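**Student:** As a plain string of letters, each chain reads:
2 protein chains.
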Amino acid sequence: MKKYKNPKKFKSFQGLKPADSLRIIPVGGQEEVGRNMTIFEYKDDIVVVDMGVQFPEEDMLGIDYIIPNISYLKGKEAKVRGVIFTHGHLDHIGAAPILLEKLGNPSIIGRPLTLALIKNRQEDYKKGSSQRLKTITVKSVNDRLRLGNFSVGFFPVDHSIMDAMGVILNTPHGTVIHPGDWTYEKDPVGRQSVEYSKLARLPKPTILMLESLGATHTHNRVTEKTMYGNLEKLIREAPGRIIIGTFSSQVARIKYVLEFCEKIGKRVALDGFSMKMNVETAKRLGYIKIKKETLIPIERIRDYPDRKIVIICTGAQGESNAVLSRIINRNHRFVRIQKTDTIVFSSSIIPGNERTIQRLKDNLYRVSDNVIHSDIMDIHSSGHSTAEDMKTVLKQIRPTYFLPVYANHYFHKEAEKLAVREGFPREKIFVLDNGAILEFTHGQPKLLNQKAVTDYVFVDGLGVGDVSNVVLRDRQMLAADGMVVVIVNVDRHTGNIIGEPDIITRGFVHIKTSKALIEETRKRVKTFFKDKKSHTEANDAYIGNKIRDELGQYFFNKTNRRPMILPVVIDV
Amino acid sequence: MKKYKNPKKFKSFQGLKPADSLRIIPVGGQEEVGRNMTIFEYKDDIVVVDMGVQFPEEDMLGIDYIIPNISYLKGKEAKVRGVIFTHGHLDHIGAAPILLEKLGNPSIIGRPLTLALIKNRQEDYKKGSSQRLKTITVKSVNDRLRLGNFSVGFFPVDHSIMDAMGVILNTPHGTVIHPGDWTYEKDPVGRQSVEYSKLARLPKPTILMLESLGATHTHNRVTEKTMYGNLEKLIREAPGRIIIGTFSSQVARIKYVLEFCEKIGKRVALDGFSMKMNVETAKRLGYIKIKKETLIPIERIRDYPDRKIVIICTGAQGESNAVLSRIINRNHRFVRIQKTDTIVFSSSIIPGNERTIQRLKDNLYRVSDNVIHSDIMDIHSSGHSTAEDMKTVLKQIRPTYFLPVYANHYFHKEAEKLAVREGFPREKIFVLDNGAILEFTHGQPKLLNQKAVTDYVFVDGLGVGDVSNVVLRDRQMLAADGMVVVIVNVDRHTGNIIGEPDIITRGFVHIKTSKALIEETRKRVKTFFKDKKSHTEANDAYIGNKIRDELGQYFFNKTNRRPMILPVVIDV
Numbered sequence: 000m001k002k003y004k005n006p007k008k009f010k011s012f013q014g015l016k017p018a019d020s021l022r023i024i025p026v027g028g029q030e031e032v033g034r035n036m037t038i039f040e041y042k043d044d045i046v047v048v049d050m051g052v053q054f055p056e057e058d059m060l061g062i063d064y065i066i067p068n069i070s071y072l073k074g075k076e077a078k079v080r081g082v083i084f085t086h087g088h089l090d091h092i093g094a095a096p097i098l099l100e101k102l103g104n105p106s107i108i109g110r111p112l113t114l115a116l117i118k119n120r121q122e123d124y125k126k127g128s129s130q131r132l133k134t135i136t137v138k139s140v141n142d143r144l145r146l147g148n149f150s151v152g153f154f155p156v157d158h159s160i161m162d163a164m165g166v167i168l169n170t171p172h173g174t175v176i177h178p179g180d181w182t183y184e185k186d187p188v189g190r191q192s193v194e195y196s197k198l199a200r201l202p203k204p205t206i207l208m209l210e211s212l213g214a215t216h217t218h219n220r221v222t223e224k225t226m227y228g229n230l231e232k233l234i235r236e237a238p239g240r241i242i243i244g245t246f247s248s249q250v251a252r253i254k255y256v257l258e259f260c261e262k263i264g265k266r267v268a269l270d271g272f273s274m275k276m277n278v279e280t281a282k283r284l285g286y287i288k289i290k291k292e293t294l295i296p297i298e299r300i301r302d303y304p305d306r307k308i309v310i311i312c313t314g315a316q317g318e319s320n321a322v323l324s325r326i327i328n329r330n331h332r333f334v335r336i337q338k339t340d341t342i343v344f345s346s347s348i349i350p351g352n353e354r355t356i357q358r359l360k361d362n363l364y365r366v367s368d369n370v371i372h373s374d375i376m377d378i379h380s381s382g383h384s385t386a387e388d389m390k391t392v393l394k395q396i397r398p399t400y401f402l403p404v405y406a407n408h409y410f411h412k413e414a415e416k417l418a419v420r421e422g423f424p425r426e427k428i429f430v431l432d433n434g435a436i437l438e439f440t441h442g443q444p445k446l447l448n449q450k451a452v453t454d455y456v457f458v459d460g461l462g463v464g465d466v467s468n469v470v471l472r473d474r475q476m477l478a479a480d481g482m483v484v485v486i487v488n489v490d491r492h493t494g495n496i497i498g499e500p501d502i503i504t505r506g507f508v509h510i511k512t513s514k515a516l517i518e519e520t521r522k523r524v525k526t527f528f529k530d531k532k533s534h535t536e537a538n539d540a541y542i543g544n545k546i547r548d549e550l551g552q553y554f555f556n557k558t559n560r561r562p563m564i565l566p567v568v569i570d571v
Numbered sequence: 000m001k002k003y004k005n006p007k008k009f010k011s012f013q014g015l016k017p018a019d020s021l022r023i024i025p026v027g028g029q030e031e032v033g034r035n036m037t038i039f040e041y042k043d044d045i046v047v048v049d050m051g052v053q054f055p056e057e058d059m060l061g062i063d064y065i066i067p068n069i070s071y072l073k074g075k076e077a078k079v080r081g082v083i084f085t086h087g088h089l090d091h092i093g094a095a096p097i098l099l100e101k102l103g104n105p106s107i108i109g110r111p112l113t114l115a116l117i118k119n120r121q122e123d124y125k126k127g128s129s130q131r132l133k134t135i136t137v138k139s140v141n142d143r144l145r146l147g148n149f150s151v152g153f154f155p156v157d158h159s160i161m162d163a164m165g166v167i168l169n170t171p172h173g174t175v176i177h178p179g180d181w182t183y184e185k186d187p188v189g190r191q192s193v194e195y196s197k198l199a200r201l202p203k204p205t206i207l208m209l210e211s212l213g214a215t216h217t218h219n220r221v222t223e224k225t226m227y228g229n230l231e232k233l234i235r236e237a238p239g240r241i242i243i244g245t246f247s248s249q250v251a252r253i254k255y256v257l258e259f260c261e262k263i264g265k266r267v268a269l270d271g272f273s274m275k276m277n278v279e280t281a282k283r284l285g286y287i288k289i290k291k292e293t294l295i296p297i298e299r300i301r302d303y304p305d306r307k308i309v310i311i312c313t314g315a316q317g318e319s320n321a322v323l324s325r326i327i328n329r330n331h332r333f334v335r336i337q338k339t340d341t342i343v344f345s346s347s348i349i350p351g352n353e354r355t356i357q358r359l360k361d362n363l364y365r366v367s368d369n370v371i372h373s374d375i376m377d378i379h380s381s382g383h384s385t386a387e388d389m390k391t392v393l394k395q396i397r398p399t400y401f402l403p404v405y406a407n408h409y410f411h412k413e414a415e416k417l418a419v420r421e422g423f424p425r426e427k428i429f430v431l432d433n434g435a436i437l438e439f440t441h442g443q444p445k446l447l448n449q450k451a452v453t454d455y456v457f458v459d460g461l462g463v464g465d466v467s468n469v470v471l472r473d474r475q476m477l478a479a480d481g482m483v484v485v486i487v488n489v490d491r492h493t494g495n496i497i498g499e500p501d502i503i504t505r506g507f508v509h510i511k512t513s514k515a516l517i518e519e520t521r522k523r524v525k526t527f528f529k530d531k532k533s534h535t536e537a538n539d540a541y542i543g544n545k546i547r548d549e550l551g552q553y554f555f556n557k558t559n560r561r562p563m564i565l566p567v568v569i570d571v
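Chains as they are written, first to last, in numbering that gives the first Met the number 0: chain A, 0 to 571; chain B, 0 to 571.
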């Protein structure tokens with residue numbers, strides 16, 4: 000069983016004094032993908048970039064998500080001048096409701112769609128709580144802002160959601176350039192290509208914190224033009240309905256499909272709570288401009304000829320209760336797969352979902368002969384970059400320092416190698432762990448010995464941080480071999496057992512076929528009392544240990560399983 | 000929660016009479032990858048091909064593996080003339096010890112290495128039991144065999160293990176051609192390319208059962224020559240030791256590395272139980288020919304200069320107790336990573352292991368700057384084919400019927416599409432589910448209405464098939480939210496509670512921080528007794544239900560979790 004602790008190479012942070020220098024402290028996003036958050040500290044001012052969630056690993060049983068650990072900010076809440084959000088995806092905004100509250104609701108800064116999505120998330124978390132948010136809207140990427148001693152600027156980036164922006168944090172000790180998540184779209188549809196050369200003219204030293212998920216992607220990225228071309232052809236030529244399964248966060252792609260469908264006179268029905276909400280939000284803000292009649296409620300799809308209908312729904316990751324799964328399993332109220340339907344999945348695989356998606360594909364292929372996905376056709380364009388893109392951007396920005404961020408450690412190391420191969424000086428690259436404290440003083444970097452605490456903070460239902468390693472270990476044990484509760488009533492005077500022991504098992508063996516095992520267990524429990532010792536020492540702990548140890552061994556011999564054994568000894 | 004049942008489109012098989020026709024019944028390998036096994040029945044004779052295991056899905060908690068369901072063979076055991084194994088990988092031989100025993104140990108047929116690996120597996124299962132195996136060794140692929148009314152032949156195939164062979168089953172009703180797992184090696188090292196055109200001359204109709212994992216692989220496969228070229232360069236030029244992590248089943252690759260190391264004067268240490276056993280077996284059979292001094296025990300690696308040492312070990316899938324993980328975690332007795340070590344992982348990802356392998360990579364990158372894997376360099380050559388290879392083979396064999404097998408349903412459907420695009424008549428392609436019964440009578444195919452039972456048979460520890468859906472559902476529930484046992488002693492006369500209720504939780508909440516919750520739980524339990532009804536109806540079931548329902552609701556309101564609640568009401 001794995002323990003979730005950070006490698007303790009450094010001393011933990013203990014009341015580090017503010018210094019006249021710029022401190023960069025990534026508290027998430029440096030070791031695994033997600034829970035992205037970076038703290039910037041300069042004198043008595045703190046600025047935070049992003050507050051994302053991370054999805055749990057397979058053995059983090061029952062955990063909903065993981066949020067960044069903000070121990071470093073304890074006692075410094077009043078110094079937080081603002082939290083800047085680069086874009087509205089959950090791995091960048093998902094932890095905002097919990098963390099903003101803990102920090103006493105500092106100002107949040109972002110472009111309109113990003114802020115609107117944070118508000119939605121906040122309302123989801125606690126009804127009415129979005130009122131408390133103090134927002135500063137970045138109306139244009141040319142806006143300038145002061146947050147305490149930080150001078151803040153922005154720049155446009157390409158990503159799979161509208162309103163993604165990069166952040167510039169200028170201090171006398173160095174200028175941070177942080178694009179958030181990004182891709183380099185060579186063939187954008189409906190807008191100009193983003194070029195970063197301007198950033199090379201920022202005050203030196205510049206510190207580029209570059210999301211490096213693409214460090215080992217050596218294939219060419221599918222361009223928007225190719226992807227949209229294929230999607231348009233599919234939608235235009237479909238013999239019947241089109242059902243598109245995607246992420247609710249793929250707002251840019253959904254917008255494109257909506258606008259294209261309007262152009263060719265098709266109606267679109269959306270399904271999936273988060274997708275409808277995101278599209279509603281984007282419409283309200285004017286990012287999606289369609290006529291009222293283009294979007295129809297899902298219950299009205301039968302009012303139109305099939306070849307006029309496009310359904311966009313959630314569930315492309317095989318989530319068992321999402322719309323696409325319900326359609327496939329014939330549990331959807333309004334949609335039944337028909338022979339003439341074309342089913343399109345237009346999204347990439349979130350790591351860890353591979354087998355679930357494989358199962359989804361198998362099931363789709365059972366109900367339809369017209370399934371189109373990225374294995375078959377280029378209908379997905381990644382929101383992330385490639386190794387080539389990273390080289391291009393490094394050349395355009397020519398930063399003084401390079402910090403790979405927002406990916407697994409492995410990608411950061413590969414990003415470092417890539418930069419070194421391109422001639423970037425190795426000593427000016429920092430591959431940071433979560434919690435590392437990198438200090439720039441008049442442009443000179445220094446990695447501190449101290450480290451901020453960044454242990455996992457698990458969110459499970461309403462509990463934040465209350466699921467510990469002990470609880471997880473118990474869940475892992477219960478999941479593997481189930482459990483056995485053994486209840487014995489003991490005469491408090493004689494130490495003898497009263498009546499029969501009660502044996503309850505769950506998740507251990509199939510009761511019907513294991514009667515003999517249970518009977519033998521009862522017998523064995525009774526023998527524990529025949530033992531002379533138990534009469535004299537007659538104490539519950541002794542019997543409890545016997546039950547745990549000897550039955551444990553017996554079960555293991557019989558089944559090769561190690562159920563959790565809970566002895567309950569009741570003195571009567 | 001998912002239920003593991005096959006879609007019941009057909010009636011289940013119920014004592015189907017033998018017919019003068021050839022029946023093909025795949026009992027595994029048609030819906031997911033693994034537990035490959037096909038039953039062939041003709042008159043009173045049955046021949047089986049392969050008996051593999053399948054690895055569990057994520058939600059099959061605690062399950063070790065899944066074996067084919069052999070309900071169809073119940074009562075027909077005496078008709079089984081032999082079980083043919085195409086090669087020695089676990090998804091083809093892993094279920095042999097359990098299933099052969101159930102079938103009364105019919106003859107097993109395979110090439111020498113395959114049979115030797117089955118014997119190893121058998122010994123692993125029950126010491127001394129391999130004595131009972133009745134083996135027929137296929138000394139040459141040109142051997143011919145009669146198994147009852149089946150005339151059996153073989154043909155060579157390329158795969159990532161030595162002694163892989165294809166099977167030909169000839170009957171008057173049709174000739175089955177089954178290559179097992181295969182790849183099409185265009186640039187083989189040390190042997191000739193395999194060509195299948197000869198099979199086109201077999202008596203018609205021919206029925207090609209083709210493993211179709213490659214149906215959507217449109218990239219070129221890395222050839223052996225490229226892979227071995229890269230590996231040789233790495234091994235030759237390494238500044239220090241080389242540590243190669245791979246599968247123990249990659250016997251062909253391990254052989255190559257061993258022989259190459261001998262040629263350039265390096266010593267090889269193997270680590271990992273199954274790897275050492277496989278290499279030992281291959282050596283004993285003469286498949287690996289190396290001098291005694293080439294292979295050294297792992298404890299002797301320090302007796303040689305680092306640049307003379309190559310370590311080949313298991314654990315490339317990130318298995319937490321395998322050798323590679325132990326090396327990384329500094330738990331290995333003899334190997335500590337050094338700055339000059341080069342670490343090579345030369346294997347593909349088993350679906351479902353993506354995140355574990357990502358974690359392994361992250362950890363490797365923490366301890367070493369010289370990690371080489373397939374993202375970085377072509378050091379892996381797949382044992383499976385590509386879409387192009389499939390087309391080539393279809394053209395060479397020109398079968399009358401085409402049955403895609405040994406992959407997910409989705410790949411089978413894509414294989415069908417591929418064949419149709421190549422001009423293969425759609426009506427001569429059968430995409431079968433597990434348990435489908437396809438009957439050929441004088442060359443005419445007919446899919447029967449009946450279906451063999453192929454429900455999952457789970458192996459968990461020593462239990463075969465004793466873990467049911469109920470047990471799995473309990474494990475899923477325990478894994479997600481843990482459990483709460485509530486024990487109350489009730490006065491059998493008054494129906495009043497005696498003393499305090501006992502509350503035991505595991506995997507639900509962190510006890511230390513949840514004292515108030517537990518206290519409140521106790522209080523609530525006591526109120527159940529204050530209720531008038533409980534006095535009059537005073538029965539355990541009523542109190543038990545109250546505990547389950549009302550505490551369940553209380554826990555959900557407080558935590559948004561649904562632990563399993565076990566009420567224990569004891570009458571005293």
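It is worth saying that the hints were derived from the structure and are not from the lab.
Careful: at least some of the hints might be erroneous.
Each pair may be met inside one copy or between any two copies, as identical chains are not told apart.
[Unchecked claim] Pairs of lysine to aspartate or glutamate, EDC-like flavour, derived with a Cα cap of 16 Å:
1) 416 / 374
2) 416 / 368
3) 232 / 490
4) 338 / 501
5) 338 / 292
Computed from a predicted model, the values in this text were never measured in an experiment.
**Student:** Now, for every hint given, state plainly whether the structure supports it.
**Tutor:** Outcome of the hint check:
1. 416 / 374: Intra 30 Å, inter 14 Å, cutoff 16 Å: inter-copy only.
2. 416 / 368: Answer is between: at 9 Å across copies they meet the 16 Å cutoff, but 45 Å inside does not.
3. 232 / 490: neither (80 Å within a copy, 76 Å between copies)
4. 338 / 501: neither (56 Å within a copy, 58 Å between copies)
5. 338 / 292: neither (27 Å within a copy, 65 Å between copies)
The structure does not agree with the numbered hints 3, 4, 5 stated previously, though it agrees with the rest.
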